[in-house]
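*Asks:* Throw the hints in and build the complete structure from the sequences for me.
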Amino acid sequence: MVRAIHYLNQFFAGLGGEEAAGTEPTRVDGPVGPGKGLAAALEGIEIVATIACGDDYFGEQEGAALGRLFALIEGDRPDLLVAGPAFGSGRYGYACARVVAEAGKRGIPGLAAMHEENPGVAAAAGRVLIVPTAVNVAGMRDALPRIASLASAVASGRELGPPAEEGYLPRGLRRNRHHGATGAERAVDLLLAKLAGETRSEVGGAFDRVEPPARVGDLSHALMALVTEAGCVPQGNPDRLPSVRAQAWLRYSLAGEKRLEAGEYESVHGGFDVARANEDPNRLVPLDTVKGLVDQGRIGRLHEFFYTTTGNGTPVASSTKFGREIARELRDAGVEAVLLSGT
Amino acid sequence: MLAKEIEREGIPTVFVTSLPTISAMIGVNRTLRGPAITHPFGLEEEERRQIVERALEMLETDVEPTTVWEVAT
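Just so you know, the protein sequences line up as chains A and B, in that order.
To convert, count from 1 in the first sequence and add 2; that's the numbering used here.
To convert, count from 1 in the second sequence and add 21; that's the numbering used here.
No wet-lab data here; the hints were simulated from the structure.
Among the hints, a few may not be true.
[Stated by the list, open to error] Derived, one-sided and incomplete: chain B residues facing chain A with beta-carbon distance under 8 Å:
id : residue
1  : Ile27
2  : Val35
3  : Thr38
4  : Arg51
5  : Glu66
6  : Glu81
[Stated by the list, open to error] Under 8 Å between C-beta atoms, here's a sample of chain A residues computed to sit facing chain B:
id : residue
7  : Ala124
8  : Ala279
9  : Arg333
A virtual CB, placed ideally from N, CA and C, is assigned to each residue, including glycine.
*Replies:* Here it is in structure tokens:
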């Protein structure tokens, strides 16, 4: 029997929601939560223990989290590590990718599962096997058998086939092999498939890069703008910014405001515990400090609007579109520097 | 993603986040590590002033792609 360890975040391990996101690494015998469904789908593989960690704890103290998680399973003699599924949850997906990567360094093969646009996929940097899943937990039933199937393949130690055949996301690796059709024939096949509505590729994609713009020459004469992905809106969320998977960004006037008062502004972000932000919204959008620095002459002027959206579960394509639209407004307004906050 | 698009327009942008590894990985050029996910600009005014001052310094500096700074030097 192959001995597997399963990694979950605080939520799926049943330790609590956002209020428990600071939970320290912990270990439980056997499968827990989604691990029970996974155990039922696994053949010849036993989940001997489940390890879990709060998403905030992991994000903020990654080194300590990894050290402690692996110390917890030292006595378990694992042959395999499975992490997730994390679906669209960014912090959880990131942790899954890093835990599996660390397992690999320690000689334990592993795999993670999450949505293909989860930042954990970029965190894996092609070094972790990732089973693609739906963006939210509704995809659990579909995901578990596919995780089990790849887990069996990994545990067997055999050489894996291409991503599409084995059910994992492309890692950017290229392997030479003989193909019966020439490049020209395959290109025509891809083109015909595309005309029929199916876009396929023989090569994986990559994140694009932007050249860093030159520094601000003289901040004391510059126009600065405040932007946030932390879902900060006027109290009551009058324009109904969604708390997850935002479809839009919003712009609010700062005319006459010296600070963002509690009770007048709040965060509707659904990806972290907003209690501390709502006690003092300047913790997300630092208007009080920036206004003070404008008065002191350190910063020239502050743009009259701030821009806001929620950055959790937002698809890369939407987020890029919001960014372009906001960027154009800022450019047209003559903004020369931006302070952006996220979580 | 917002930071990248704003910088693509040529406007220097500092992204303050407590998950700088992810930020640098997706290609954000100027990232400053905030103290926590729940309050990237700190709890108290003095802490916030230090974070904002450091962000301003980063705006006034030419950086290599995907640079990450800490608040304390």
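*Asks:* Does each hint hold? Answer for all of them.
*Replies:* Results for each hint:
Among the interface hints, the one on Ile27/B holds; its C-beta lies about 4 Å from the nearest C-beta in chain A, closer than the 8 Å criterion. For the restraint placing Val35/B at the interface with chain A, the shortest Cβ-Cβ distance is roughly 6 Å, inside the 8 Å limit, so the hint holds. Evaluation of the Thr38/B hint against chain A yields a held restraint, the C-beta minimum of about 4 Å falling below 8 Å. Interface restraint check for Arg51/B: the shortest CB-CB distance to chain A comes to about 7 Å, inside 8 Å, so the restraint holds.
This hint holds: Glu66/B has a C-beta 7 Å from the nearest C-beta of chain A, less than the 8 Å allowed. With a least beta-carbon distance of about 5 Å to chain A, the hint placing Glu81/B at the interface is held under the 8 Å criterion. The beta carbon of Ala124/A comes within 5 Å of a beta carbon in chain B, closer than 8 Å, and the hint placing it at the interface holds. For Ala279/A, the interface hint holds, since its Cβ comes within 8 Å of a Cβ in chain B; the closest pair sits about 6 Å apart.
The beta carbon of Arg333/A comes within 5 Å of a beta carbon in chain B, closer than 8 Å, and the hint placing it at the interface holds.
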